[in-house]
Amino acid sequence: MKISYNWLKEYVNFYLSPEELADKLTNVGLVVADIQTVDDDFCMEVEVTSNRPDCLGFIGIAREVVAAVGGSLHFPETDYKTTNKEISKFINVVVEDSMLCPRYTARVVQHINLGPSPEWMQKRLKCIGLRPVNNIVDITNYVMMETGQPLHAFDLDKLSDKKIVVRKAMSGEEIVAINGARRALFHDMLVIADSKRPIAIAGIMGGKETEVCDSTRNILLECAQFEPRQVRRTSKTLGITSDSSYRFERGVDTEGVDFASRRAVKLIKEYAGGEVANGVIDIRSRKHAASKITLRMERLHKVLGIEIKRDVASDILKRLQFNVLNEVDDFIDVEVPSFREEIYREIDLIEEIARIYGFNNIPTKTSISVRGSVKSKYEVVEDCIRQFLIGMGFYEVKTFSIVDTSPLQSVNLWSDKSGIDIANPLRQEESRLRTCLLPSLINAKRYNENHGIEQVRIFEIAKVYLAGDKLPQEKTCLSILADTDFFTLKGIVSALLLNLGISSRCEWTVFSELRLFADERAARIQSGNITIGYIGEASKELGFKTSPCMVELDMDYFVESSNISKKYQALSQYPHVLRDLAIIVDEEVTWVSIEKCVMSAKASFLKEINFFDVYRGKQIPSGKKSIAFNICFQAADRTLKSEEVDAAQQIVLDALYKTLGAELRK
Amino acid sequence: MMKHIEEVKNNLQDEIKLVTTLKDADQLKIKYLGRKGIINDLMRIIPTIPSDQRASFGQQINSLKVEITNIIEELIKKFSSETVPKAKKEIFDVTLPGKHPFVGKRHPLTQTIDDIKEVFARLGFDVAYGPEVESEYYNFEALNIPADHPSRTDFDTFYIKNDVLLRSQTSTVQIRIMEKQKPPIRIIAPGRVYRPDTVDARHSFMFHQVEGLLVDEGVSFADLKGVLNQFIKTYFGQNVQMRLRPSFFPFTEPSAEVDISCSICGGNGCSVCSYSGWVEILGAGMVDPNVFKAVHYDAEKYTGFAFGMGVERITMLKYGINDIRLFYENDMRFLSQF
Ligand SMILES: [Zn+2]
Numbered sequence: 001m002k003i004s005y006n007w008l009k010e011y012v013n014f015y016l017s018p019e020e021l022a023d024k025l026t027n028v029g030l031v032v033a034d035i036q037t038v039d040d041d042f043c044m045e046v047e048v049t050s051n052r053p054d055c056l057g058f059i060g061i062a063r064e065v066v067a068a069v070g071g072s073l074h075f076p077e078t079d080y081k082t083t084n085k086e087i088s089k090f091i092n093v094v095v096e097d098s099m100l101c102p103r104y105t106a107r108v109v110q111h112i113n114l115g116p117s118p119e120w121m122q123k124r125l126k127c128i129g130l131r132p133v134n135n136i137v138d139i140t141n142y143v144m145m146e147t148g149q150p151l152h153a154f155d156l157d158k159l160s161d162k163k164i165v166v167r168k169a170m171s172g173e174e175i176v177a178i179n180g181a182r183r184a185l186f187h188d189m190l191v192i193a194d195s196k197r198p199i200a201i202a203g204i205m206g207g208k209e210t211e212v213c214d215s216t217r218n219i220l221l222e223c224a225q226f227e228p229r230q231v232r233r234t235s236k237t238l239g240i241t242s243d244s245s246y247r248f249e250r251g252v253d254t255e256g257v258d259f260a261s262r263r264a265v266k267l268i269k270e271y272a273g274g275e276v277a278n279g280v281i282d283i284r285s286r287k288h289a290a291s292k293i294t295l296r297m298e299r300l301h302k303v304l305g306i307e308i309k310r311d312v313a314s315d316i317l318k319r320l321q322f323n324v325l326n327e328v329d330d331f332i333d334v335e336v337p338s339f340r341e342e343i344y345r346e347i348d349l350i351e352e353i354a355r356i357y358g359f360n361n362i363p364t365k366t367s368i369s370v371r372g373s374v375k376s377k378y379e380v381v382e383d384c385i386r387q388f389l390i391g392m393g394f395y396e397v398k399t400f401s402i403v404d405t406s407p408l409q410s411v412n413l414w415s416d417k418s419g420i421d422i423a424n425p426l427r428q429e430e431s432r433l434r435t436c437l438l439p440s441l442i443n444a445k446r447y448n449e450n451h452g453i454e455q456v457r458i459f460e461i462a463k464v465y466l467a468g469d470k471l472p473q474e475k476t477c478l479s480i481l482a483d484t485d486f487f488t489l490k491g492i493v494s495a496l497l498l499n500l501g502i503s504s505r506c507e508w509t510v511f512s513e514l515r516l517f518a519d520e521r522a523a524r525i526q527s528g529n530i531t532i533g534y535i536g537e538a539s540k541e542l543g544f545k546t547s548p549c550m551v552e553l554d555m556d557y558f559v560e561s562s563n564i565s566k567k568y569q570a571l572s573q574y575p576h577v578l579r580d581l582a583i584i585v586d587e588e589v590t591w592v593s594i595e596k597c598v599m600s601a602k603a604s605f606l607k608e609i610n611f612f613d614v615y616r617g618k619q620i621p622s623g624k625k626s627i628a629f630n631i632c633f634q635a636a637d638r639t640l641k642s643e644e645v646d647a648a649q650q651i652v653l654d655a656l657y658k659t660l661g662a663e664l665r666k
Numbered sequence: 001m002m003k004h005i006e007e008v009k010n011n012l013q014d015e016i017k018l019v020t021t022l023k024d025a026d027q028l029k030i031k032y033l034g035r036k037g038i039i040n041d042l043m044r045i046i047p048t049i050p051s052d053q054r055a056s057f058g059q060q061i062n063s064l065k066v067e068i069t070n071i072i073e074e075l076i077k078k079f080s081s082e083t084v085p086k087a088k089k090e091i092f093d094v095t096l097p098g099k100h101p102f103v104g105k106r107h108p109l110t111q112t113i114d115d116i117k118e119v120f121a122r123l124g125f126d127v128a129y130g131p132e133v134e135s136e137y138y139n140f141e142a143l144n145i146p147a148d149h150p151s152r153t154d155f156d157t158f159y160i161k162n163d164v165l166l167r168s169q170t171s172t173v174q175i176r177i178m179e180k181q182k183p184p185i186r187i188i189a190p191g192r193v194y195r196p197d198t199v200d201a202r203h204s205f206m207f208h209q210v211e212g213l214l215v216d217e218g219v220s221f222a223d224l225k226g227v228l229n230q231f232i233k234t235y236f237g238q239n240v241q242m243r244l245r246p247s248f249f250p251f252t253e254p255s256a257e258v259d260i261s262c263s264i265c266g267g268n269g270c271s272v273c274s275y276s277g278w279v280e281i282l283g284a285g286m287v288d289p290n291v292f293k294a295v296h297y298d299a300e301k302y303t304g305f306a307f308g309m310g311v312e313r314i315t316m317l318k319y320g321i322n323d324i325r326l327f328y329e330n331d332m333r334f335l336s337q338f
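Those sequence lines, one after another, are chains G and R. Note that the numbering used here has the first sequence beginning at 1, numbered continuously upward. Note that the numbering used here has the second sequence beginning at 1, numbered continuously upward.
These are calculated hints, taken from the structure and not from any lab test. Every clue listed holds true.
Label pairs and their in silico Cβ distance ranges:
#	chain 1	residue 1	chain 2	residue 2	range
1	G	K566	R	V94	33 to 43 angstroms
2	G	E19	R	G266	14 to 24 angstroms
3	G	E560	R	G98	38 to 48 angstroms
4	G	L664	R	K36	44 to 54 angstroms
5	R	G267	G	G393	34 to 44 angstroms
Since the structure is predicted, the reported quantities are computational estimates derived from the model, not experimental observations. For each residue, glycine too, the CB sits at the ideal point set by N, CA and C.
Sequences and hints are given; from them, build the entire structure.
So this is what it looks like as structure tokens:
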């Protein structure tokens, strides 16, 4: 809310510069975001939190100034003379829905002189960004700013049958609002109507047809309270907001309604002349029931961690216009004023006292108990993976969890259900929760390529969202995209698994997902019968200048199966013996079958087998390939003799020949 | 045989006197120490001398060789410093740049989260996580934000369907944890949150928060200040000042916005702090009794505090980053800076 520095002085005396005032207000919770000089005045932008509708008027802010710096609150004048004509002769008001309109007041002023409002008023309104219109409209705005209570003036002579009905809109009705917007009204909206038609959208905006205009002589001044939720919903549906709806949505003081009405009539009489009809129409279904709260000083102490004296606390409450009923021993009984309905508990009073006492006057204690924090397994694994990959030269990226619905983004490696759509997306580009991280990494790669960076090594640890029962399954994945060849990336994945102490062997079988991977150049990675990831060369269709490879892995599996605790293995005292071999096999024979065959050959002292390379070409018959590797022999208790190794090697070669038809390459 | 050696020595002395240039010295070196030089000639006669004298002769040649080498090297050194630049020799240019290994980096937001986790770990806070897709209850009701309450308008939210939404705050984790555990509780919860904000330099529909919660007997607002002050001094620097302003969050009471003195201008005012000298970095407060009620804690017995901070905001402040979108573009030129 914008306030004028000079105007505020109407309600409270203070001797503070605008900056000092801003500081004081900020310290009690009314942040002053900006101060602008306007002629000889200052416009201050005050941020009012949604729980403080009472501060949407100058009087409310003045009350905070009193609480913060002392002094007393000056209420503006509301006295005026009336004629002896009873208001009931001019208007008949019916409130059909008292739930949505707990209080409705109307006053009538006849024979007004429409014209400009006084200069001082125009100046104040302009200072806070309101455009002066005429004396009647300006006065309703002025009083709204003063009290926080919106008002509306109708041209009395334009109301059919001298009737006001506060009712729900009927189907087919529509209205043209003062701002020119034509809106169809729906049955759940509250309107102010005359005998024939809606003349205002309750609490939001008046209608064009009955607004005060040059020809207006007699006015009806409406000052009411409307139910906040109703106003909010209608305002949202119609797409119309106003200073008035802003206040009603947050709630106005039911006891302040008549005051604001009288204040406005007083100003109208003074600056637009006219005759005020006697009395007021005041239809109300609700009276403020003042909450009574007991504050225990001991509780105040416990929550804030500081002992505040009872008289200091009660003085703060009094300055905030709480009615202190009783203060004895360790207790203060208060009655909450009508404009602070959000306060109904002891803790609310504690907050009020803390706020005015000053958060910065409460000590900063370091007396919490000592406690050692423990890293969860997830954290340990995540740190381990990140460190490993960063050590391997990878950059971590972060991409959005909400993606578009393109075929690429629709890839789902983890479930056959489709992705979860957002019901109220801002844009189609961000309308679905992702089921796969790789498309986002592909986009990151593309972004970099477009900016001249062709080689990337990136990874992300994030969730994918798989349709579930009520809430989706959130699966944490690790995805990597790198400008390396397939086997380099595979090696990195294997090393990562080893680093996490996952010793179980993985199976790598050919896999096809053509939106991501090149045909026949991708694999599913399985451990036992659990799929733990997918790896492959990026599809050429993705159109990269380079040929990156990528992998998406199941982090949850990593966390479950990792074994970070290490155990020392005694180092062998005796040397191992390496034998380099090259065998010629059919093209179809895979490395894994060779490995299996060798390891199950029952050759003595055989420890491991290490792949070197594959060779096809000269000297190798077509349809065959040569595979080179070494095998490692070692005994735990002695140095092996050459003959022993020869014998073991022969067993391996025999097994290879028998099972795979492999011949030793000479 | 000894005569040979003496002779060589004498000849050398004479020849040294004739050396006037580096070239002369080099020639002398070849003459005496070269492959076909005088020393090697002497070596070659070793096999021809009687076997009982070989050892001592060998030794003498060796010491002669050392002596001559020293003398000639001295000469070479002397003349090479005097002579005009000779034919250029390849130099070992130590100023050439090193070969860059692949060096990876954590994302700057991860770095911030890790730093925050580390500071709070020292204060005894464990890390907790919760789901990002939540039921309305955890995002709103349990946090004392009833349906249709005015404060709901402060929390625009992405919905999946009725009652299921993308969490708009990590405060949801408070409820998840308190439902599972009894006090004392001391956790921080980092994670992604979502709000339907149109993307610009300051807003993103997805961002990160770190939530903190401490519940125990006898926890006060003064303790909240103590813990936050400790965090701020450790994370932002010992000279940084903290300021609390009253504010409003439905799930805490009293509620505060926490500012730190602007490190850019040192509190004098600059564009980063909107000329106020203070920068807002987190929201905090004492856990509202209604939140305790939702998780069936005795609000008379236990008190606690909660706080939440925006990871992007803190990272932007720390590095002077002026556009939040940079975090999600993943430009290598950006990521490599941190
Ligand atoms: Zn600054």
